[in-house]
Each structure stands twice: as structure tokens, then as C-alpha cells.
Amino acid sequence: YGLSSNSQAIDAGTALFEWEGRRIVDYSADHYVGAAPDMGAYEMAFIYPGDTDNNGVVNAFDVLPIGIYFLESTVQRTAQDLSWNPQSVAFDSVHFARTLADVNGDGLVSEKDVIGIGVNWGNTHDAGVSRYVIDPNNSELIETHSAAFTELFYSLSGQGEAARSMRSLLKSLLNIQIPAVYSLAQNFPNPFNPYTTIQFELPEEADYSIAIYDILGRRIWSYTEVEKPAGSYLIQWDGQSDQGKQVSSGV
12 YGLSSNSQAI DAGTALFEWE GRRIVDYSAD HYVGAAPDMG AYEMAFIYPG DTDNNGVVNA
72 FDVLPIGIYF LESTVQRTAQ DLSWNPQSVA FDSVHFARTL ADVNGDGLVS EKDVIGIGVN
132 WGNTHDAGVS RYVIDPNNSE LIETHSAAFT ELFYSLSGQG EAARSMRSLL KSLLNIQIPA
192 VYSLAQNFPN PFNPYTTIQF ELPEEADYSI AIYDILGRRI WSYTEVEKPA GSYLIQWDGQ
252 SDQGKQVSSG V
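Each number in our numbering comes from the position in the sequence shown (counting from 1) with 11 added on.
The reader is advised that the hints may include incorrect statements.
To be verified - The calculated lysine-lysine pairs, modelled on BS3-like cross-linking and capped at a C-alpha distance of 30 Å, are:
1) Lys239 / Lys182
2) Lys239 / Lys123
3) Lys182 / Lys256
4) Lys239 / Lys256
Since the hints were made in silico from the structure, they are not lab data. If you're wondering where the values come from, they're calculated on a predicted model, not measured in any experiment.
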């Protein structure tokens, strides 16, 4: 059975017990959460949405576990809730770090989980441990997951403290260079079949719209986003109009 968050049995067990020269109980720190194993129950863990490294505070470094476990699956939680309340989960030493990174509890670590960091930004709790903290100076680990971190960087928008702090951290880790001016490059390939790629750059956060016109000046396709962070971007066009019809060759 499990335990409630205020149970006296939490952390009341022993990790090492010997009897007559025999080691009866021998748990390493990876096999329980907290100062000691729980007593008389399956080991339970209490997670706080947004504190993905479980160190007791929600801050910019909580974006790192999301990048490490990006697009990995875990057990979907019954309560998919971002409120700042402890949520109990059965502890699994192999997958617990991934469960922490799945902030919204939908069973998949993705850019959506960053929302929970923003919702609970700056919140603290006293049940944290340092075991799941990601070292930002581990260049090999950061490089291994650089594609995921880059996708997270460009998914962050808005000028709130949480978004700005996470963007700043990721920009520093990835050495992302911010463009100096607005620019729109020639699409490639050109001619194309069936896709072409359009590259553009934003020197600051901005709303933007990309539009394609035919030779008569009629707009046939457009794409708009708001509050896009500064950076370099690629979007693809599949040759279909805004109405979902394939345009004729040469347009």
C-alpha cells in the first residue's frame, strides 16, 4: 500500500540492517527517495510539478531534465495537475528521473512540460534532494542532447521571468548566436517537388508572417506566429494553398 504525504512511516525505515553477520537489508540511495526508505509500505515518492530535478526549488535549471528525457515515455499519472501540491507516485529507481521531467503527467516528456515550470516558477518545498540535478557544466551530456535543448529554446516565448531565464540558460549552454537584423533567405530547393524550405531570422522577439504570392500578386499561402523568440528558423511549404489545394506547377 502507499502512504499519505504526512505519514510518520515516510523515511522511517532503514537502508542497512545486519543480523548475526548476515546483511538482511542493503539499499543503495538509488532505491529510495528521501533520507531513508519508507517503513512498512511500497516506496512512494512525492513530486512537485515543475521541480524536475527534485532539489526543492523551481528555477531555470528545471528545463535541463526535460531536454535530457525529451520525447521519452513514462507512466501517465492519474492526476494531470500543475497545482503546487505533492503528487504521490510509486517509486521506480530506473524511471523516476523521467517521471519528474514529465511535469504535466501525460506520459510523455515534451515542450509542453515547460509550462509547468512557468506556472510554479520560484516555488519551493522541503522534500528535495540533489540526486537528480543535471550538471550544466557536463559538456558531453549537453552536447548529446543539444537537438532537444535547441528545440526547447525555440519553443520558449514571452517575456516573463521564467521564459527569459530558461532561454538565457539554454542560449549560454548551446552558444546560440542571435541574428543582428531581420532577414529572409531564398527558399531551397527551387524549383521543388513536393517541399521547399524557407529560412528567416529575427533579431528580437516578434510576431511574424510568411506569405507566398502568385505571379498575379494573389496570396496563396501564409503562416503566422506571435511572440517568436529571436533566432534563426526554417519552415517548410508543401505546395498547398491556404485552402488545402495543391497549386499548379510553376506558381
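Status of the hints after comparison with the structure:
1. Lys239 / Lys182: With a Cα-Cα distance of about 15 Å, the restraint between Lys239 and Lys182 holds, given a limit of 30 Å.
2. Lys239 / Lys123: holds, 16 Å
3. Lys182 / Lys256: violated, 39 Å
4. Lys239 / Lys256: holds, 28 Å
Comparing the model with each earlier hint shows a violation of hint 3 alone; every other hint is respected.
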